[in-house]
Amino acid sequence: MSKPLLIGAVAYTPNVVPIWEGFRDYFADGPVETDFVLFSNYGRQVDALLDGVVDIAWNTNLAWVRTVLQTDGKCRALAMRDNDLAFQTVFAARAGSGFADLSDLRGRRVALGSRDSAQAAILPVQYLREAGLGDDEVELVRLDSDLGKHGDTGRSELDAIRVLLDEDADAVALGANTWKALAADELMSDALEAFWTSPEYCHCNFTALETLDPDVYEPWVEHLLAMSWDDPELRPLMELEGLERKWVRPDLDGYASLFKAVEDQRIPARW
Amino acid sequence: MVSGGILLDLVERVGGAVVGSIVEVPVAGADPAVIERWCERSGHRLLSVEGGTARILRGPVPDDEAILSSVPADRRPGARLWIYTNFDCNLACDYCCAKSSPQTERRAIGPELIERLVEEGVSSGVSEVFLTGGEPFLLPDLDQIVSACVKRAPTTLLTNGMLFRGRRLELLRSMPREGLALQISLDSATPDLHDRHRGRGTWQRALDGIRTAVAEGFRVRVAATVAADESGAAESAAFHRLLDEVRIDRDDQVIRPIAQRGFAEDGVALTVESLIPEVTVTADGVFWHPVAADHEDQLVTRDLFPLGDAIEEVQRRFADYRRETDAAAQRFTCA
Ligand code: SF4
Chain A
1 MSKPLLIGAV AYTPNVVPIW EGFRDYFADG PVETDFVLFS NYGRQVDALL
51 DGVVDIAWNT NLAWVRTVLQ TDGKCRALAM RDNDLAFQTV FAARAGSGFA
101 DLSDLRGRRV ALGSRDSAQA AILPVQYLRE AGLGDDEVEL VRLDSDLGKH
151 GDTGRSELDA IRVLLDEDAD AVALGANTWK ALAADELMSD ALEAFWTSPE
201 YCHCNFTALE TLDPDVYEPW VEHLLAMSWD DPELRPLMEL EGLERKWVRP
251 DLDGYASLFK AVEDQRIPAR W
Chain B
1 MVSGGILLDL VERVGGAVVG SIVEVPVAGA DPAVIERWCE RSGHRLLSVE
51 GGTARILRGP VPDDEAILSS VPADRRPGAR LWIYTNFDCN LACDYCCAKS
101 SPQTERRAIG PELIERLVEE GVSSGVSEVF LTGGEPFLLP DLDQIVSACV
151 KRAPTTLLTN GMLFRGRRLE LLRSMPREGL ALQISLDSAT PDLHDRHRGR
201 GTWQRALDGI RTAVAEGFRV RVAATVAADE SGAAESAAFH RLLDEVRIDR
251 DDQVIRPIAQ RGFAEDGVAL TVESLIPEVT VTADGVFWHP VAADHEDQLV
301 TRDLFPLGDA IEEVQRRFAD YRRETDAAAQ RFTCA
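If you read the sequences in order, they're chains A and B.
With my numbering applied, the first sequence closes on residue 271, and no number is skipped along the way.
With my numbering applied, the second sequence closes on residue 335, and no number is skipped along the way.
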């Protein structure tokens, strides 16, 4: 192929540069030459995918849902990280709160992350509704600190925890990745406790339009899946990208809860 | 246990920093053990907690194996084993990094220990042996040393090439042609420069030595040590013409700058950190690199055995220096 396959990714941390440069180098030895473009937010990235500026977008779950809605399903998820298959949301409160279930939050204040974060805002609202809490029965405190990045920076979740620790909220919803990054189970157990964990759902994936030639994307996916955690040069790259151990084929059922939440909450398909 | 706020700061500041950079986070009143544990769980490395500030190397921190594998296999620390067979020399070159001369004490390791060193080295990953000195041809048992090495790994014997007469010519003739290369120094295409550093008449004798070794069927590599201002294009072109004429392969014509070690006063300064190590053994101990086998600051251990331990130590230190310099380099990215 004369033109390299172009991947779009959102620049939510300076480390996306070494990540994607590492990818480019890895694919330089592979069947499909690959390069990348960085976007400041997922809206721009999905626009670029739809306009054919990039061939593949490294999308969050919300960016995937919006791509499906805007293309009437004429798109394809190619691969994801192993831990994208089993993402979760955690509800936490100050230690000793005595909360046992989401229904205990009736009449309470719940701090949420950025409103475009599936894990820290959209799905939590859905979980509260499913627990039987009407929208007027819980007061939501929204911390929209990294809008456009779908909660990738984790910043809004940290801000939500600060609000909780300052006793301006009774509970907080955040991604299990942020909970893990804090090592909160071990190191903050005197301050915080998780009292509810959601069912698993899918997070990011590599999204392409239906028009991308399988002769191009299949060898690309094969080469991606061949990345080995045991390769000492690739491992730091995979760790930095947040994989548990490997790349996997996507499981689209894991997006059903988010599709439903987007529909129920009337979240627009476009930004 | 620490107050939650500090962990939030750690996640925000360290998590948001460039991988490989050193991040300073105010942590007044926090328990360093908790910060250390957080770093451990998150793949970062706590460097220090001082004056209410934690200094943290932003991970993922590459392990030793990852760092070593980023160096080409033949240059990987531990791939080459240098052995100083002895320190005395028939010459007294002004830039000699071993400070060798006819007055220098011999300090020979001897064939038995060399055999053991190479045997242990090969089982620890050594793939190539370099024998140097001083002048190895001053040793009457050099043939034994060479054959012990060649049996176990491809070997290069460094010599000034000036002693191939009589008994020593016989010594040379008895050496294997397969698996052995001779490396002879010739500094320039004409006698002036060579003789200025090494002594009058030495250029002609070295050239004669090169011709003898080639005629005897040895693979000969010729190394030139040139100062920065003397390694101009014209000089190296003339140098290559001469060596082509004496039938030295182009791949075996090596030109390199003077190192600021030993007797040389002006040259490129080398430090432990700036050299990719090449494990070097002398009668006095194991050193970081052959250009500094006489310098205490480059000593790895006084114990020659087990050599595998010294090789591992060199690899571990190299990985540490690499991690530190990679972090330092991040701070100058806009310079
Ligand atoms: S540079 Fe070589 S030939 Fe010259 S004194 Fe040193 S060991 Fe001897």
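Calculated from the structure, these hints are not laboratory results.
Please note that the accuracy of each hint is not assured.
Claimed, not checked - Taking CB as the label site, the calculated pair distances span: (1) B:G16 to A:G107: 31 to 39 Å; (2) B:R55 to A:S97: 49 to 57 Å; (3) B:E324 to A:R142: 41 to 49 Å; (4) B:D297 to A:V53: 20 to 28 Å; (5) A:T211 to B:S123: 55 to 63 Å.
Said to hold, decoys possible - The following residues of chain B were derived to be distant from chain A, with all beta-carbon distances above 10 Å: (6) V18; (7) I22; (8) S42; (9) G52; (10) F130; (11) E178.
To be verified - Residues of chain A clear of chain B, computed beta-carbon distances all greater than 12 Å: (12) D35; (13) R94; (14) L147; (15) G154; (16) E200; (17) P232.
Every residue, glycine too, gets a C-beta built ideally from N, C-alpha and C.
Structure-based check of each hint:
Taken as a hint, the range 31 to 39 Å holds for the pair B:G16 and A:G107, whose Cβ atoms sit roughly 36 Å apart. Checked against the hint of 49 to 57 Å, the C-beta distance between B:R55 and A:S97 comes to roughly 35 Å, which is inconsistent with it. Judged by the Cβ atoms, the range 41 to 49 Å given for B:E324 and A:R142 holds: they are separated by roughly 43 Å. Look at B:D297 against A:V53: about 55 Å separates their beta carbons, and that is not inside 20 to 28 Å.
Checking the proposed 55 to 63 Å range against A:T211 and B:S123 shows it holds: the Cβ atoms sit about 57 Å from each other. Separation of B:V18 from chain A is inadequate, the least Cβ-Cβ distance of about 5 Å not exceeding the 10 Å criterion. For B:I22, the shortest C-beta to C-beta distance to chain A comes to about 14 Å, beyond the 10 Å cut-off, and the non-interface label holds. The non-interface label for B:S42 is inconsistent with chain A: the shortest C-beta to C-beta separation is roughly 6 Å, within 10 Å.
No Cβ of chain A comes within 10 Å of the Cβ of B:G52; the nearest lies about 19 Å off, and the non-interface call holds. Every CB of chain A lies more than 10 Å from the CB of B:F130, the least distance being 27 Å, so the non-interface label holds. At roughly 34 Å, the least C-beta separation between B:E178 and chain A is larger than 10 Å, which holds for a residue marked as non-interface. The non-interface label for A:D35 is consistent with chain B: the shortest C-beta to C-beta separation is roughly 21 Å, beyond 12 Å.
A:R94, annotated as away from the interface, has a beta carbon of chain B within 12 Å; the closest lies near 9 Å. In this structure A:L147 is separated from chain B by more than 12 Å, as the shortest Cβ-Cβ distance comes to about 17 Å. The claim that A:G154 lies off the interface is violated: its Cβ sits roughly 7 Å from the closest Cβ of chain B, which falls inside the 12 Å cut-off. No Cβ of chain B comes within 12 Å of the Cβ of A:E200; the nearest lies about 22 Å off, and the non-interface call holds.
Its closest Cβ contact with chain B, about 4 Å, brings A:P232 to no more than 12 Å, contrary to its assignment away from the interface.
Checked against the numbered hints given earlier, the structure breaks hints 2, 4, 6, 8, 13, 15 and 17 and satisfies all the rest.
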